[in-house]
Amino acid sequence: MKGQRHYVRGYVQRADDDGGGGSAGKALRIVAATAGRKDDGLNLTMEGARLERFEANPVVGYGHSFWGRDGLPIGRSDKTWIDGDRLMMDVLFDQGDEFARKVEDKYRGGFMNAFSIGFSAWNIGDDGTPEGWELFEVSAVPLPMDPNAVVESGRDSQLALVRGLVADLPDAEAFAQAVMAHLDALQTGGTGRAGAVLSKKNKTLVQNARDALTELLDAAGGPDEADDDEARARREQRLLRLAGLRAAN
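Quick note on numbering: the sequence shown equals residues 16 to 264 in our numbering.
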């Protein structure tokens, strides 16, 4: 069984306390890969994953380089598992390796956000879905390949909350993303800096807005299918403003 080699990127799933000196040496949780179609056309599924070879030697490298003295591992996956449509890892960096500590600092500080897995896939169907795939390595990388590789920064739980509130609307995703965009603007001052961790203030803002959003959506009802983009945008802005999620002008 000979497979084709592929590389797919994942992202850091940050906790509130990932930054700062006290975090060094602690496990960094990452989403190593996600299911779905990738840039190379491969439609990855978690059902076909084989992790045994990697789990027997769960090393973490840098830049997919594992050869020679400069290709020594910088850490290991302390735990590897599949959670729904995501391949998860708890990464520990080698505290006895100066370069590994430097790379860890880049992640803790938000200057690096992505990882990349290397794997082989076989019996790829016409729709791009492989019969199976085997993970053989994971690397810290500055420029990865999977389009989903962005820092999670504790953001997904907040996005999931907003999505749940607006799930019955045809344009629910657009509204949910609008809410998160406003929260990001509040957090970053409009700079949009990648890797920013949502503050506790903004998390509380989302949670406190739950009831208000629910009432607003109940009162507003579903959008008219004939609404154009401009009308939908006006409605979303109104809901955001009434819910207190819109940044002050």
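Among the hints, a few may not be true.
[Stated by the list, open to error] With a straight-line Cα cutoff of 35 Å, these simulated DSBU-like cross-link-like pairs (lysine-lysine) come out:
hint : residue 1 : residue 2
1    : Lys94     : Lys41
2    : Lys53     : Lys117
3    : Lys41     : Lys53
4    : Lys121    : Lys94
5    : Lys117    : Lys94
6    : Lys117    : Lys41
It should be emphasised that the hints constitute simulated quantities derived from the structure, not laboratory data.
Evaluation of the provided hints:
1. Of the pairs offered as hints, the one joining Lys94 and Lys41 holds, with about 13 Å between alpha carbons and a cut-off of 35 Å not exceeded.
2. A distance of roughly 30 Å separates the Cα atoms of Lys53 and Lys117; the hinted pair therefore holds under the 35 Å criterion.
3. Note on Lys41 and Lys53: the hinted pairing holds, with a Cα-Cα distance of about 31 Å set against a maximum of 35 Å.
4. Restraint check: the Cα-Cα separation between Lys121 and Lys94 comes to about 21 Å, which is no more than 35 Å; the hinted pair holds.
5. Proposed proximity of Lys117 and Lys94 is supported: the alpha carbons are some 22 Å apart, at most 35 Å.
6. Between Lys117 and Lys41 the alpha-carbon distance is near 14 Å, which keeps this suggested pair within the 35 Å criterion.
The structure shown violates none of the earlier numbered hints.
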